[in-house]
Amino acid sequence: MDKIIKGVDLAFVTVKLGTEDKWQLTVGKMCADWGGIEFDMNPAFIYEYSDIIEMADNFLSGAQLSYKLSDRNSFGLQVLNSRTQSFDEIYGGDTIIGGKGIHASKAPLAGVLTWRGNFGKFSTLWSYSVFTEAEGYFKNYIALGNMLTFDKVRISYDFKLSFEDLDRTGIVSQTVPQDENKYTLTNTRYCSHWLQVEWRFLPKWQLAFVGFIDNAKWMGDEDPDKTTDKIRTAFGYIPTIEYYPWDDVDLKFFAGYVGRIYNYSDYATSKTGVQDYQTGRVMVGLISALKFL
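Each residue of the sequence shown is one higher than the one before, counting from 1415 in my numbering.
Since the hints were made in silico from the structure, they are not lab data.
C-beta: ideal position from N, C-alpha, C; glycine also.
A couple of the hints might just be wrong.
[To be verified] Straight-line alpha carbon distances no greater than 27 Å define the calculated DSSO-like cross-link-like pairs of lysine-lysine that follow:
{"id": "1", "residue 1": "LYS1482", "residue 2": "LYS1443"}
{"id": "2", "residue 1": "LYS1443", "residue 2": "LYS1553"}
{"id": "3", "residue 1": "LYS1436", "residue 2": "LYS1535"}
{"id": "4", "residue 1": "LYS1535", "residue 2": "LYS1443"}
{"id": "5", "residue 1": "LYS1631", "residue 2": "LYS1685"}
{"id": "6", "residue 1": "LYS1618", "residue 2": "LYS1640"}
{"id": "7", "residue 1": "LYS1520", "residue 2": "LYS1482"}
{"id": "8", "residue 1": "LYS1666", "residue 2": "LYS1553"}
{"id": "9", "residue 1": "LYS1618", "residue 2": "LYS1685"}
{"id": "10", "residue 1": "LYS1520", "residue 2": "LYS1566"}
{"id": "11", "residue 1": "LYS1644", "residue 2": "LYS1566"}
{"id": "12", "residue 1": "LYS1566", "residue 2": "LYS1666"}
{"id": "13", "residue 1": "LYS1640", "residue 2": "LYS1553"}
{"id": "14", "residue 1": "LYS1631", "residue 2": "LYS1644"}
{"id": "15", "residue 1": "LYS1535", "residue 2": "LYS1666"}
{"id": "16", "residue 1": "LYS1553", "residue 2": "LYS1535"}
{"id": "17", "residue 1": "LYS1644", "residue 2": "LYS1553"}
[To be verified] Computed spacing ranges between beta-carbons, pair by pair:
{"id": "18", "residue 1": "LEU1621", "residue 2": "TRP1529", "range": "27 to 35 Å"}
{"id": "19", "residue 1": "GLY1673", "residue 2": "THR1563", "range": "24 to 32 Å"}
{"id": "20", "residue 1": "GLU1434", "residue 2": "TRP1619", "range": "24 to 32 Å"}
{"id": "21", "residue 1": "PRO1659", "residue 2": "LYS1566", "range": "16 to 24 Å"}
All chains should be built: construct the whole structure from the sequences, respecting the hints.
So this is what it looks like as structure tokens:
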């Protein structure tokens, strides 16, 4: 756990190594370079995140080494604190799993390896991350971001997969809570498909659609009554129309809708009484980046 307050997202310094601008070293509190197009976008332009990103600690302290191999390929390696809260704050002070005591890691570190590829109209942002959650318990996370860019249309697709020895994302534990089973859940898996399509049909007007599917599974066998690994499937759909009045000002007006659908397995419903439900909200507003000297 770092000693920087959670309200501080970014506080780092970057130093160029060598004279060819190929190597960079960054130290401080920074954004975890988790890969995927969705996560790499400016948060101001995200109307709603998919589950894995929404529930994550995204700003962590550590060091990053970046290497630009060529104009087409660059790589990054981060070593970070794996959390901004203590073990007890995340998992509880008496974490019992299947009758075994779980102990906080003495070195709660995370390693993140990232590849950025640029092949003309097609680009990639892939990453693999491993997090130490407790002694002998890890989180392995894969994000494969891909983007196709044409004259007026841009299509982005992310595949994300998280294997969690302890339920760090927490959606399964929120559905099948600890006080129901008297243990913190282990061996959860989260899978996400995220798609964004943007069409600049006029110079100042854009239609956009974001859709995603998030699956939450509990692979553990602590509950003898469990009949399926599936816990929840969540859907999101966000159609928007956007207007950019000026080319030299980072400002857009938008109108859109955020729809969410949450479906639970029969096991989750019978165990906790949770029911399927839907939410929706209409959005109208403007977004502009504030610049300070």
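Against the structure, the hints:
1. LYS1482 to LYS1443: holds, 22 Å
2. LYS1443 to LYS1553: With a Cα-Cα distance of about 21 Å, the restraint between LYS1443 and LYS1553 holds, given a limit of 27 Å.
3. LYS1436 to LYS1535: holds, 23 Å
4. LYS1535 to LYS1443: It is violated: about 33 Å lies between the C-alpha atoms, which goes past 27 Å.
5. LYS1631 to LYS1685: Holds, because 15 Å separates the two Cα atoms, which is no more than 27 Å.
6. LYS1618 to LYS1640: violated, 53 Å
7. LYS1520 to LYS1482: The hint is violated at about 33 Å.
8. LYS1666 to LYS1553: violated, 38 Å
9. LYS1618 to LYS1685: Violated, because 51 Å separates the two Cα atoms, which is more than 27 Å.
10. LYS1520 to LYS1566: violated, 51 Å
11. LYS1644 to LYS1566: violated, 39 Å
12. LYS1566 to LYS1666: OK: LYS1566 and LYS1666 at ~17 Å, within 27 Å.
13. LYS1640 to LYS1553: holds, 23 Å
14. LYS1631 to LYS1644: holds, 5 Å
15. LYS1535 to LYS1666: holds, 25 Å
16. LYS1553 to LYS1535: violated, 33 Å
17. LYS1644 to LYS1553: Roughly 19 Å between the alpha carbons, so the hint for LYS1644 and LYS1553 holds.
18. LEU1621 to TRP1529: 27 to 35 Å: holds, 31 Å
19. GLY1673 to THR1563: 24 to 32 Å: The hint (24 to 32 Å, Cβ to Cβ) holds, given that GLY1673 and THR1563 are roughly 27 Å apart.
20. GLU1434 to TRP1619: 24 to 32 Å: violated, 42 Å
21. PRO1659 to LYS1566: 16 to 24 Å: holds, 19 Å
Figure legend: structure checked against the earlier numbered hints; hints not met, in rising order: 4, 6, 7, 8, 9, 10, 11, 16 and 20.
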